[in-house]
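Trainee: Now for the letters of each chain:
2 protein chains.
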Amino acid sequence: MHHPFVDRLIERAQERDSRVIVGLDPNLEVFPHFLQERLRLEPTEANLEEILFDFNVAVIEASAASAVGFKPQAAFYEQYGLAGMKALYRTLTRLREMGELIILDAKRNDVSHTAEAYATAWLGARHPVFGTPNPWQADALTINGYLGADGIRPFLNVNPEAGLFVLAKTSNPSSGELQDLLLQDGFRVAEKMAQLAAAWGETAMGACGYANIGIVVGATYPEQAARLRQLAPHAPFLMPGIGAQGGSLQAVVAASGADQLGAYAASSRGVMYPFAPAALSGPEWRDAAHQAISRAAGELRLAIRQVLASKTR
Amino acid sequence: MHHPFVDRLIERAQERDSRVIVGLDPNLEVFPHFLQERLRLEPTEANLEEILFDFNVAVIEASAASAVGFKPQAAFYEQYGLAGMKALYRTLTRLREMGELIILDAKRNDVSHTAEAYATAWLGARHPVFGTPNPWQADALTINGYLGADGIRPFLNVNPEAGLFVLAKTSNPSSGELQDLLLQDGFRVAEKMAQLAAAWGETAMGACGYANIGIVVGATYPEQAARLRQLAPHAPFLMPGIGAQGGSLQAVVAASGADQLGAYAASSRGVMYPFAPAALSGPEWRDAAHQAISRAAGELRLAIRQVLASKTR
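Protein chains in written order, with this note's numbering: chain A, 59 to 371; chain B, 59 to 371.
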């Protein structure tokens, strides 16, 4: 691997002294009222695409200085049909132009040729027919490992430098229905998944000492996060659940390892929408949104730094 | 529920006396050479979309009489970028116009608002902004249940009539790495997933006696399929793995239940590409492809009928 995702992740975390991954989950209902009104006045596919992209750019510009990278959630684009897919296309292109790291949260999963097709779509450098640069190319992709190694290898085949995050213990309340079940060897299902991801990751180590295959671990389950860190010592952790879901920064820091570089807090709503939509009803929405988003991202970055520092002392 | 997916599935199976679900997995490399040449002569996004759609229409028209429904695999469209998504859009629209059942194989998974966004994208009747008919609306969707009930309920909320197929035991060689592991209560992970899906399905029963939530079970694992039938007696089974992967029709029939209506063989490559691409290098490709595909679909339908009949005798 030339310059694998995980090395770029760790470098960026050090450069910006941050552990924050900013979600990009467009939800028109909580957009600034000025943008909602712009869509009401001109309800077209082209205008919807423009507005989704416009708000994403505002979020990216306001938060990049505090962010290690960005995590667009595919579902929020798919829901808006082709306009959404075009907005995603433009958002990823813009992020790449800015040199920002992209973790596409799509939780894709399949095997063989089908998994390769997903990898081509979201991690491939070139369009498979035209050979042109792939506008949807992300640096890393979240995947669901329920299908085993057949569902991992093809993703690595298409682009060996791309990163993967395998779902281990998800942040939601019902995640335990399957993931917490005890296996006969004494491990839980989520722990077994982390072990599988760790084993797959041993074949894809970065120069930084972490693997190019990470795991997704909810910040809502601190004890399990600490346990998973032991089982997957070289896996970078992508940790959603901060904020609205009640996850703790302590969980992130506890899972970050001895070098404090192993865990990343993913925050979407808390950073993207730290304002009352109705308060942003004029054309000055951009400045007001910029201030609020910049502050929210900066505060999250600082809060994690403080917990990291208190752990070191 | 007014006329849920599962009732339409069973009705269609009886009408056409078939248990075949035809996959729609466009792969240009094995398309008739005439279509490949058409793209080489005019390598544009619009022409790619046209060719993908054109071949799908040929497959649909040739196989519909032998098929219970169609299963487009999302990955094969995503890999071609926007042209692929537009081809999917037109394919689903055409299938709905023809009254054909659509099971979108996308293995989506997430929770809460995010899962609702996926459901809006692929099962919703209307565009969430414009209120126009959603061209991507399928009748059923494959999902990955690793996240538990939080990852199922939102899909049911958006469209209670839509069907779901939860991955239980997948057809690939490495599926056992996680799915075959024994839990402390004596069940395997795949069996537990089937039990969860069955429990969720009890809240969504169709008039036909089957649940609107089915499971995906590889035809490559006959013994496990028979066991899962006992654990999820009312779940329709979507069974891939016939043909290239070595799955058996006997497995499908054994899992089909006493009324022989509970299991459906999903076949993609075997039905879509039963010809040598080079043999279809002229403009008469359509007639030749029609004959070959129609024969392949018809033979699969008949082969399953024969095994069903031999079981009855």
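Everything labelled a hint here was simulated from the structure, so no lab data went into it. Hints are supplied without guarantee of correctness; some may be wrong.
Stated by the list, open to error - To list a few chain B residues with every Cβ distance to chain A over 12 Å, as calculated: (1) ARG70; (2) LYS165; (3) THR200; (4) LEU239; (5) SER326; (6) GLU342; (7) ALA367.
Stated by the list, open to error - Listed next, the stretches of chain A that the computed footprint assigns to chain B, with coverage defined by at least 3 CB atoms under 8 Å from CB atoms of chain B: (8) 131-139; (9) 166-173; (10) 240-253; (11) 344-356.
Stated by the list, open to error - Which chain A residues face chain B? A few, computed with CB under 8 Å, are given here: (12) ALA104; (13) LEU106; (14) TYR147; (15) TYR176; (16) THR178; (17) ALA183; (18) VAL187; (19) PRO191; (20) LEU225; (21) GLY234; (22) LEU236.
None of the values given here were measured: they were computed from a predicted structure. Built from N, CA and C at the ideal position, the CB exists for glycine as well.
Trainee: If a hint holds in the structure, say so; if it doesn't, say that too.
Mentor: Going down the list of hints, with the structure as the test:
| no. | hint | in the structure |
| --- | --- | --- |
| 1 | ARG70 | holds (25 Å) |
| 2 | LYS165 | violated (5 Å) |
| 3 | THR200 | violated (10 Å) |
| 4 | LEU239 | violated (5 Å) |
| 5 | SER326 | violated (9 Å) |
| 6 | GLU342 | holds (24 Å) |
| 7 | ALA367 | holds (33 Å) |
| 8 | 131-139 | holds (count 7) |
| 9 | 166-173 | holds (count 8) |
| 10 | 240-253 | holds (count 6) |
| 11 | 344-356 | violated (count 0) |
| 12 | ALA104 | violated (12 Å) |
| 13 | LEU106 | holds (6 Å) |
| 14 | TYR147 | holds (7 Å) |
| 15 | TYR176 | holds (4 Å) |
| 16 | THR178 | holds (4 Å) |
| 17 | ALA183 | violated (13 Å) |
| 18 | VAL187 | holds (6 Å) |
| 19 | PRO191 | violated (11 Å) |
| 20 | LEU225 | holds (6 Å) |
| 21 | GLY234 | holds (7 Å) |
| 22 | LEU236 | holds (6 Å) |
Violation of the numbered hints given earlier is confined to hints 2, 3, 4, 5, 11, 12, 17, 19; the remaining hints are satisfied by the structure.
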